[in-house]
Amino acid sequence: MCGIVGLHLKSPELHPQLGELIAPMLDCMSSRGPDSAGVALFAEAPPGRVKLSLHATDGTDWEALGRSIAQDTAAAVSVEALGDVAILAVDADTDTAVGSVRKLRSSVRLVGVGRTMEIFKDVGLPRDIITRYGIEKRQGFQAVGHTRMATESAVTTEHSHPFAPAVDIALVHNGSFSNPATVRRRLEREGIRFDTDNDSEVCARYVARQMQHGADLGEALRMVQKELDGFFTLLVATDRQFAVLRDSFACKPAVIAETDNYVAMSSEYHALAGLPGIQNARVFEPAPEEVYTWTR
Amino acid sequence: MDPVTFSCAEMSTRELNSALADLPDGASVRVLEPWGRHNIAVGLTNRITIEIEGNAGYFTGGLGEGPDVTVDGFVGWSTGENLMSGTIRVLGNASECTGASAHGGAIVVHGDASSRTAISLKGASVLVAGDVGHMSGFMGQAGVLLVGGNAGSGLGDSLYETVIYVAGTIASLGADARVEDLNESDVKVVQDLVDLAGFDHIDPEKVTRVASARELYNFDALTEQKY
Numbered sequence: 001m002c003g004i005v006g007l008h009l010k011s012p013e014l015h016p017q018l019g020e021l022i023a024p025m026l027d028c029m030s031s032r033g034p035d036s037a038g039v040a041l042f043a044e045a046p047p048g049r050v051k052l053s054l055h056a057t058d059g060t061d062w063e064a065l066g067r068s069i070a071q072d073t074a075a076a077v078s079v080e081a082l083g084d085v086a087i088l089a090v091d092a093d094t095d096t097a098v099g100s101v102r103k104l105r106s107s108v109r110l111v112g113v114g115r116t117m118e119i120f121k122d123v124g125l126p127r128d129i130i131t132r133y134g135i136e137k138r139q140g141f142q143a144v145g146h147t148r149m150a151t152e153s154a155v156t157t158e159h160s161h162p163f164a165p166a167v168d169i170a171l172v173h174n175g176s177f178s179n180p181a182t183v184r185r186r187l188e189r190e191g192i193r194f195d196t197d198n199d200s201e202v203c204a205r206y207v208a209r210q211m212q213h214g215a216d217l218g219e220a221l222r223m224v225q226k227e228l229d230g231f232f233t234l235l236v237a238t239d240r241q242f243a244v245l246r247d248s249f250a251c252k253p254a255v256i257a258e259t260d261n262y263v264a265m266s267s268e269y270h271a272l273a274g275l276p277g278i279q280n281a282r283v284f285e286p287a288p289e290e291v292y293t294w295t296r
Numbered sequence: 297m298d299p300v301t302f303s304c305a306e307m308s309t310r311e312l313n314s315a316l317a318d319l320p321d322g323a324s325v326r327v328l329e330p331w332g333r334h335n336i337a338v339g340l341t342n343r344i345t346i347e348i349e350g351n352a353g354y355f356t357g358g359l360g361e362g363p364d365v366t367v368d369g370f371v372g373w374s375t376g377e378n379l380m381s382g383t384i385r386v387l388g389n390a391s392e393c394t395g396a397s398a399h400g401g402a403i404v405v406h407g408d409a410s411s412r413t414a415i416s417l418k419g420a421s422v423l424v425a426g427d428v429g430h431m432s433g434f435m436g437q438a439g440v441l442l443v444g445g446n447a448g449s450g451l452g453d454s455l456y457e458t459v460i461y462v463a464g465t466i467a468s469l470g471a472d473a474r475v476e477d478l479n480e481s482d483v484k485v486v487q488d489l490v491d492l493a494g495f496d497h498i499d500p501e502k503v504t505r506v507a508s509a510r511e512l513y514n515f516d517a518l519t520e521q522k523y
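Taken in order, these protein sequences are the chains called A and B. Take the first sequence: its letters are residues 1 to 296, numbered as in my numbering. Take the second sequence: its letters are residues 297 to 523, numbered as in my numbering.
Among the hints, erroneous ones may be present.
Said to hold, decoys possible - On the chain B side, residues computed to face chain A include the following (Cβ under 8 Å):
1. S308
2. W331
3. R333
4. N351
5. F370
6. W373
7. H406
8. G407
9. S411
10. H430
Unchecked claim - Some chain B residues flagged as far from chain A (calculated, every beta-carbon gap over 12 Å):
11. V300
12. M307
13. L319
14. P320
15. N342
16. T345
17. G350
18. A390
19. E392
20. G419
21. A471
22. N479
23. E480
24. G494
25. R505
26. N514
Unchecked claim - Under 10 Å between C-beta atoms, here's a sample of chain A residues computed to sit facing chain B:
27. C251
28. E268
29. A271
30. L272
31. Q279
32. F284
33. E285
34. P288
35. Y292
I should point out that these hints are in silico values taken from the structure, not numbers from a laboratory. The C-beta atom is built at its ideal place from N, Cα and C for all residues, glycine as well.
The task is simple: from the sequences and hints, build the whole structure.
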């Protein structure tokens with residue numbers, strides 16, 4: 001069992017409240033996943049800057065790493081250091097910034113890369129993770145979050161969700177895939193590298209691969225239906241889109257609430273019950289095998 | 297007797313259900329601010345009337361043997377699971393597995409119900425004004441499922457003796473389910489159910505009866521099996 005939450009804010013007036021709206025949703029889903037939790041937050045960002053969401057358990061001095069990257073890339077770097085986690089904003093292109101981190105500090109794990117996206121994920125109770133990374137104060141236009149109760153691979157930060165397989169894309173999954181090894185072997189033959197042995201990471205990298213070949217998010221998810229077997233409720237967000245898909249059995253729950261101001265998705269309704277204007281929202285259960293997308 | 301009022305905002309689920317169980321037969325109670333809470337009014341055996349004023353979560357009214365529960369909103373998965381007697385009335389939509397394994401009583405949904413409605417039904421009446429999702433009536437053993445709207449794919453898969461009546465269309469039948477002729481006693485049964493539910497959009501003479509073809513009842517090693 002795992003819990004999924006997501007918010008796609010249509011109304012800019014709500015952007016300052018993204019963190020305070022998504023945090024209680026994530027906390028509410030602790031009952032479905034107390035092992036680990038994570039959230040990908042998307043916010044408007046100036047062009048020419050890339051944000052690296054990093055994780056390390058070796059006591060990395062993030063400020064020092066920031067200075068080294070600034071020197072290496074000759075670009076301005078700002079650092080938000082939060083213990084084992086840091087967000088580095090680098091005024092450079094993605095390849096330069098990522099290449100510099102890999103070269104300077106190979107022990108640092110790249111959790112996510114995005115122009116608009118930041119990812120915070122960790123092992124522990126969702127409430128603790130929300131506090132540790134100050135989620136409630138964060139702003140933005142969209143968030144996807146996950147609470148994990150691991151069933152098929154280890155409880156570590158790397159194995160927790162969201163998975164961010166490419167720039168500005170994050171995927172969360174409730175369920176289990178039954179043929180991830182087959183799909184993974186094929187992706188590996190195509191040169192795709194994996195960070196973990198987690199089945200959801202296979203799905204995330206499969207989606208990113210389809211998009212790399214030119215598919216939009218909806219098309220990539222329709223390909224997931226064809227290629228990946230198993231139980232899944234998926235929520236995937238990019239800098240432009242927010243999408244939901246359930247497998248043909250639909251035995252992993254999902255509920256969506258839509259108003260003029262937002263689209264909210266969760267595994268269970270009570271995570272949505274505190275949202276503003278929920279009384280007048282159109283609340284529905286996504287049908288099996290149907291791809292739902294919202295584009296900004 | 298004035299109705300008692302309980303608020304979910306002030307009580308844990310355990311406190312609420314314990315307080316409901318302590319009410320005398322004939323009492324009326326309003327449950328406020330449910331906010332999608334799971335397990336409201338579960339396991340009650342007293343003859344009380346409960347009004348849940350808002351949306352409720354999973355297993356609402358489950359295992360009940362006596363109370364009449366009305367939800368002024370929608371409900372989550374497995375509403376009325378294993379109901380023994382009494383009525384659960386949902387004024388909005390219901391999620392998956394509504395009335396799962398229910399032995400007796402009636403579960404009435406005024407909106408739509410989702411997948412696997414009345415799965416493994418064991419004798420209750422599950423009455424849905426709107427549509428039901430895929431795999432509804434799966435392995436139903438006894439009781440009745442009435443669908444006022446349309447039924448999703450795989451209706452009545454592996455049915456035993458539950459009978460399904462559908463007023464609208466059927467996307468597809470599951471294995472071993474078949475459409476049968478409607479006889480006079482069916483029309484009477486549907487009329488009684490429509491009266492009980494208060495549905496006025498269903499014409500008992502114009503429903504489709506779905507029941508088991510009974511070809512999967514016994515394993516026959518000598519003939520080709522189709523499971």
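Evaluated hints:
1. S308: violated (13 Å)
2. W331: With Cβ-Cβ at 4 Å, under 8 Å, it holds.
3. R333: holds (6 Å)
4. N351: holds (6 Å)
5. F370: Check passed: Cβ of F370 (chain B) comes within 7 Å of chain A, closer than 8 Å.
6. W373: This hint holds: W373 (chain B) lies near chain A, its Cβ roughly 6 Å from the closest one there, short of 8 Å.
7. H406: For H406 (chain B), the interface hint is violated, since the closest Cβ of chain A sits about 15 Å away, which is over 8 Å.
8. G407: violated (11 Å)
9. S411: holds (5 Å)
10. H430: At about 7 Å, which falls below the 8 Å cut-off, the nearest Cβ of chain A leaves the hint on H430 (chain B) intact, so it holds.
11. V300: Answer for V300 (chain B): holds, closest chain A Cβ roughly 23 Å.
12. M307: Non-interface label on M307 (chain B) holds, nearest chain A Cβ at 15 Å vs cutoff 12 Å.
13. L319: holds (25 Å)
14. P320: holds (30 Å)
15. N342: holds (26 Å)
16. T345: holds (24 Å)
17. G350: Non-interface label on G350 (chain B) violated, nearest chain A Cβ at 9 Å vs cutoff 12 Å.
18. A390: A390 (chain B) is in fact no farther than 12 Å from some Cβ atom of chain A, at 10 Å.
19. E392: Not fine: 7 Å to the nearest Cβ puts E392 (chain B) too close to chain A.
20. G419: Holds: least Cβ distance 24 Å, greater than 12 Å.
21. A471: At roughly 15 Å from the nearest Cβ of chain A, A471 (chain B) sits farther out than 12 Å, so the non-interface label holds.
22. N479: Label holds. Min Cβ-Cβ 34 Å, cutoff 12 Å.
23. E480: holds (37 Å)
24. G494: The claim holds: G494 (chain B) sits with its nearest Cβ about 24 Å from chain A, beyond 12 Å.
25. R505: holds (26 Å)
26. N514: Given that every Cβ of chain A is farther than 12 Å from that of N514 (chain B), nearest at about 27 Å, it holds.
27. C251: With Cβ-Cβ at 8 Å, under 10 Å, it holds.
28. E268: holds (7 Å)
29. A271: holds (8 Å)
30. L272: holds (7 Å)
31. Q279: holds (9 Å)
32. F284: holds (8 Å)
33. E285: holds (5 Å)
34. P288: holds (7 Å)
35. Y292: violated (15 Å)
Hints 1, 7, 8, 17, 18, 19 and 35, counting from the list given before, are not met by this structure.
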